[in-house]
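Enquirer: Read in order, the letters of the sequence shown correspond to residues -25 to -1, 1 to 47 in mature numbering (1 follows the signal peptide of the UniProt record, and there is no 0).
The hints are simulated quantities; they were obtained by calculation from the structure and are not laboratory data. For clarity, every value in this text was computed on a predicted model and none was experimentally measured. Cβ atoms here follow ideal geometry from the backbone N, Cα and C, with glycine treated the same way. Don't take every hint at face value.
Said to hold, decoys possible - Between beta-carbon pairs, the in silico distance windows are: (1) Lys1 - Pro37: 29 to 35 Å; (2) Thr6 - Lys27: 15 to 21 Å; (3) Lys30 - Leu8: 24 to 30 Å; (4) Gly38 - Lys1: 15 to 21 Å.
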Amino acid sequence: MKGLKVYVIFMLVLVFAAGKEGVEAKTCTSTDLLEGCTDDFCNDQCIDSHVKEAKGVCVGAPGTTCQCTYPC
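Turn these sequences into a full structure, and let the hints guide you.
Expert: Written out as structure tokens, the structure is:
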């Protein structure tokens, strides 16, 4: 009987671990040319364009490109 309990607990751990992988959201990115890019402005633009959870930072040559990351 003890072996059955160990087996059931093991199977529950496997099921919950496998289920958690399917729940994770994928991350999408987009890049926009934004003259005079600042991180704060870029972040605000990303939130306005995508979702509240979006994050934006300036990348590349100083002040030219805004890169957004957000849940798909």
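Enquirer: Please go over all the hints and tell whether each is borne out by the structure.
Expert: Each hint tested on the structure:
no. : hint                     : in the structure
1   : Lys1 - Pro37: 29 to 35 Å : 30 Å, holds
2   : Thr6 - Lys27: 15 to 21 Å : 20 Å, holds
3   : Lys30 - Leu8: 24 to 30 Å : 18 Å, violated
4   : Gly38 - Lys1: 15 to 21 Å : 30 Å, violated
In this structure, the hints that do not hold are numbers 3, 4, in rising order.
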